[in-house]
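Chemist: Listed below, chain by chain, are the residues.
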Amino acid sequence: MENVSVSVKDLSLSFGAVTVLDTLNLDIKDGEFLVLLGSSGCGKSTLLNCIAGLLDVSEGQIFIKNKNVTWEEPKDRGIGMVFQSYALYPQMSVEKNLSFGLKVAKVEKAEIDKRVSRAAEILQIQPLLKRKPAELSGGQRQRVAIGRALVRDVDVFLFDEPLSNLDAKLRSELRVEIKRLHQSLKNTMIYVTHDQIEALTLADRIAVMKSGVIQQLADPMTIYNAPENLFVAGFIGSPSMNFFRGELQLRDERAFVHANGVDFDVSAYPSRGPFRDGQKVVLGVRPEHVRVDEALSRQLSHQAVVDIEEPMGADNLLWLKLAGQSMSVRIAGQRRYKPGTAVTLSFDMAVASIFDAVSENRL
Amino acid sequence: MPEIVAFNAIAAGIEPEAEKDPVALSGPWGRKPRRALSPRNIIIYGTLIVVALYYLLPLYVMVMTSLKGMPEIRLGNIFAPPLEITFEPWAKAWSSACTGLNCDGLSRGFWNSVRITVPSTIVSIAIASVNGYALANWRFKGADLFFTILIVGAFIPYQVMIYPIVIVLRELGVYGSLTGLIIVHTIFGMPILTLLFRNYFAGLPEELFKAARVDGAGFWTIYFRIMLPMSMPIFVVAMILQVTGIWNDFLFGVVFTRPEYYPMTVQLNNIVNSVQGVKEYNVNMAATILTGAVPLIVYFVSGRLFVRGIAAGAVKG
Ligand SMILES: Nc1ncnc2c1ncn2[C@@H]1O[C@H](COP(=O)(O)OP(=O)(O)OP(=O)(O)O)[C@@H](O)[C@H]1O
Ligand SMILES: [Mg+2]
Chain A
1 MENVSVSVKD LSLSFGAVTV LDTLNLDIKD GEFLVLLGSS GCGKSTLLNC IAGLLDVSEG
61 QIFIKNKNVT WEEPKDRGIG MVFQSYALYP QMSVEKNLSF GLKVAKVEKA EIDKRVSRAA
121 EILQIQPLLK RKPAELSGGQ RQRVAIGRAL VRDVDVFLFD EPLSNLDAKL RSELRVEIKR
181 LHQSLKNTMI YVTHDQIEAL TLADRIAVMK SGVIQQLADP MTIYNAPENL FVAGFIGSPS
241 MNFFRGELQL RDERAFVHAN GVDFDVSAYP SRGPFRDGQK VVLGVRPEHV RVDEALSRQL
301 SHQAVVDIEE PMGADNLLWL KLAGQSMSVR IAGQRRYKPG TAVTLSFDMA VASIFDAVSE
361 NRL
Chain B
1 MPEIVAFNAI AAGIEPEAEK DPVALSGPWG RKPRRALSPR NIIIYGTLIV VALYYLLPLY
61 VMVMTSLKGM PEIRLGNIFA PPLEITFEPW AKAWSSACTG LNCDGLSRGF WNSVRITVPS
121 TIVSIAIASV NGYALANWRF KGADLFFTIL IVGAFIPYQV MIYPIVIVLR ELGVYGSLTG
181 LIIVHTIFGM PILTLLFRNY FAGLPEELFK AARVDGAGFW TIYFRIMLPM SMPIFVVAMI
241 LQVTGIWNDF LFGVVFTRPE YYPMTVQLNN IVNSVQGVKE YNVNMAATIL TGAVPLIVYF
301 VSGRLFVRGI AAGAVKG
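Chains A and B, in that order, are what the protein sequence lines are.
Using my numbering, read the first sequence as starting at 1 and increasing by one per residue.
Using my numbering, read the second sequence as starting at 1 and increasing by one per residue.
Because the hints were derived from the structure by calculation, they are not lab data.
Predicted, not measured: the structure shown is a model, and the values here were computed from it.
Treat each hint with caution, since some may be false.
Stated by the list, open to error - Calculated cross-link-like contacts (lysine to aspartate or glutamate; reagent style DMTMM-like; alpha-carbon spacing at most 20 Å): (1) A/LYS9 <-> A/ASP22; (2) B/LYS141 <-> A/GLU59; (3) B/LYS141 <-> A/ASP22; (4) A/LYS75 <-> B/GLU206.
What the hints assert, rightly or not - Over the 12 Å line for every Cβ pair with chain A, so calculated as not near, a few chain B residues: (5) GLY30; (6) VAL51; (7) PRO58; (8) VAL63; (9) GLY153; (10) PRO205; (11) GLY216; (12) THR221; (13) ASN248; (14) PRO259; (15) TYR261.
Ideal placement from N, C-alpha and C gives every residue a C-beta, glycine not left out.
Just need the whole structure built from these sequences, with the hints factored in.
Modeler: Written out as structure tokens, the structure is:
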């Protein structure tokens with residue numbers, strides 16, 4: 001159990017008859033930035049509240065710093081929490097908001113002042129200390145909310161969608177700030193979001209959740225490039241992965257996925273086990289792993305027609321029709337195609353994903 | 001205007017003759033004019049004035065009558081202002097009108113009512129707000145059952161409970177005293193006030209409560225430092241409800257107290273209905289206005305506080 005910071009063991013939680021979390025296990029290393037990612041209602045906040053001690057678990061245990069805190073009060077767990085709605089005390093000034101927890105814990109005045117000014121300096125909110133929350137902008141409020149966790153000198157930071165109330169520009173600014181904060185403080189951070197960009201940019205590891213079950217727990221690159229199952233593959237990436245449902249065919253020492261009357265040569269795919277002839281599968285290819293009009297090799301190319309073009313500046317997103325199925329391809333921004341143009345596609349199968357159509361797991 | 005049009009035209013690289021463009025200068029521009037005497041306004045204000053008169057007229061008659069002497073009243077002209085203003089009836093109503101046995105006016109009843117209303121209001125609001133807070137935020141075991149019982153309690157007619165309460169108060173040894181009446185008012189205010197506070201606290205952002213718990217605040221710290229300062233509007237509402245409700249109470253006052261502790265409403269009734277001598281309408285009117293003055297003042301004063309409370313509490317996030 002060396003340097004495990006937070007450990008969740010066989011955790012279950014139900015609200016009456018509804019089971020939200022079901023025997024969930026999760027180990028988070030010291031200093032790690034773990035992101036809980038999942039669609040709305042999958043139980044991310046519930047898990048975070050259990051770790052914080054704001055919800056009583058139905059079954060299982062929670063350890064923080066190797067101490068069993070399953071029955072401890074939130075304040076005794078060594079955690080700080082930042083909420084989506086900021087949750088600043090409206091009638092208190094920023095300074096009072098920051099120092100409230102310390103005053104409750106009866107910390108000495110001098111120590112309180114020291115910690116508040118340090119947090120204010122880190123988050124650059126010194127000029128705001130005398131203001132009320134209502135007099136702050138959204139970004140400033142969220143900074144104060146982070147500061148409130150900061151002053152408590154905790155081992156573990158819990159963030160529940162801290163940026164989702166902010167506009168896009170502020171969000172990306174604060175995202176960088178949170179990352180910088182983590183790099184300088186080196187605390188353990190657990191961060192809930194349903195924004196995959198936040199997850200991919202911030203996380204050391206991402207736990208992708210669906211209906212209270214962790215689907216995959218891995219570093220961002222693995223999650224993105226080698227999704228463990230169809231759900232993770234479809235959830236991560238924007239626009240999402242192109243899926244082709246078909247059948248595996250083994251011929252002449254080569255492997256093909258036969259879908260919509262088209263043969264995709266997947267011999268280059270690094271499969272985990274041997275392929276079975278006739279197996280129903282789903283082939284997944286990310287938009288940026290398809291080349292347009294620059295064939296890898298002659299046999300691997302396919303004909304498609306441009307349907308819609310979405311130029312995004314740095315890159316250009318093409319929506320194509322391939323054998324009647326719509327798919328997206330990302331190409332460099334300066335390469336433009338008119339709708340209706342016929343193009344030749346080739347797929348980079350070495351970085352594709354193939355899932356069993358029934359179990360939906362990666363092959 | 002024309003200069004601006006010309007300027008824009010130049011800026012856009014158009015010949016300045018666009019200045020003469022009739023479309024840009026005629027037609028609707030700026031704020032839409034509204035007629036003061038539209039049929040809609042006439043109906044709205046007409047209705048409001050009629051309704052206001054309907055309610056103000058009795059008050060007007062009362063004030064006028066209370067300022068007249070008895071000879072003038074006997075002339076029967078109830079809408080006419082007093083020819084000769086006298087405050088005699090007011091003084092009499094307050095300090096020397098006869099209420100059944102004694103003749104020291106409404107003043108005794110006034111102080112009784114104050115001594116009943118103030119503690120009942122404070123105690124019931126204090127208990128109900130903590131109840132509501134616990135019900136909304138600390139989902140304790142059996143909270144739902146407790147809440148259900150409370151709500152059912154709010155719908156039981158008072159009359160059903162009068163006799164049992166008389167017995168309970170007698171057993172407690174407080175029957176007929178002010179204490180007994182205060183206890184009764186406190187208990188009867190509980191269901192509706194608890195409901196009021198519970199709903200208000202349940203409407204406050206839950207994350208605020210969670211944040212306070214993470215900060216280490218306990219039950220009372222959260223109540224006093226976080227919830228109370230955010231809840232002034234609902235406390236004012238509860239205060240208005242209780243003060244007016246208890247001040248205007250007649251039934252409990254008659255049933256649960258002895259004559260020397262009768263609240264103002266009961267005394268008013270005794271003055272107005274006393275059968276000895278002539279009916280002194282001016283004294284009756286003055287007494288009625290005096291009795292109704294307290295709820296009126298509460299409405300006026302706290303109404304302003306209430307608005308200010310809402311404005312101060314309007315903090316998003
Ligand atoms: N107090 C409660 N009583 C009953 N069900 C609840 C309660 N709180 C949450 N749930 C249910 O538990 C599930 C998980 O909720 P949770 O808040 O953890 O979702 P989430 O993953 O955080 O979603 P979001 O991204 O929308 O915040 C939801 O289906 C929700 O309806
Ligand atoms: Mg949530």
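Chemist: Confirm or reject each hint.
Modeler: Results for each hint:
For a cut-off of 20 Å, the pair hint linking A/LYS9 to A/ASP22 stands: about 11 Å separates their Cα positions. Between B/LYS141 and A/GLU59 the CA atoms are separated by roughly 18 Å; this keeps the pair inside 20 Å, and the hint holds. Distance hint between B/LYS141 and A/ASP22 is unfulfilled; the C-alpha atoms sit about 24 Å from each other, more than 20 Å. With a C-alpha separation of about 17 Å, the suggested pairing of A/LYS75 with B/GLU206 holds against the 20 Å cut-off.
Separation of B/GLY30 from chain A is adequate, the least Cβ-Cβ distance of about 32 Å exceeding the 12 Å criterion. Remark: the non-interface label on B/VAL51 is consistent with the geometry, its nearest Cβ contact in chain A lying 38 Å away (cut-off 12 Å). Once the 12 Å rule is applied to beta carbons, B/PRO58 is consistent with being away from chain A; the minimum gap is 43 Å. For B/VAL63, the requirement that its beta carbon stay farther than 12 Å from each beta carbon of chain A is met, with the minimum near 43 Å.
Under the 12 Å C-beta cut-off, the non-interface status given to B/GLY153 relative to chain A holds; the minimum distance is some 26 Å. Once the 12 Å rule is applied to beta carbons, B/PRO205 is inconsistent with being away from chain A; the minimum gap is 6 Å. Not every CB of chain A is more than 12 Å from the CB of B/GLY216 (nearest about 3 Å), against its label as outside the interface. Residue-level check failed: B/THR221 sits 6 Å from the nearest beta carbon of chain A, not beyond 12 Å.
For B/ASN248, the condition that its CB be more than 12 Å from all CB atoms of chain A holds, with the nearest at approximately 34 Å. Look at B/PRO259: its CB is around 47 Å from the nearest CB on chain A, clear of 12 Å, so calling it non-interface holds up. Non-interface status of B/TYR261 relative to chain A is upheld: no Cβ of that chain comes within 12 Å, the nearest being about 41 Å off.
Of the hints listed earlier, those the structure fails to meet are numbers 3, 10, 11, 12, in rising order.
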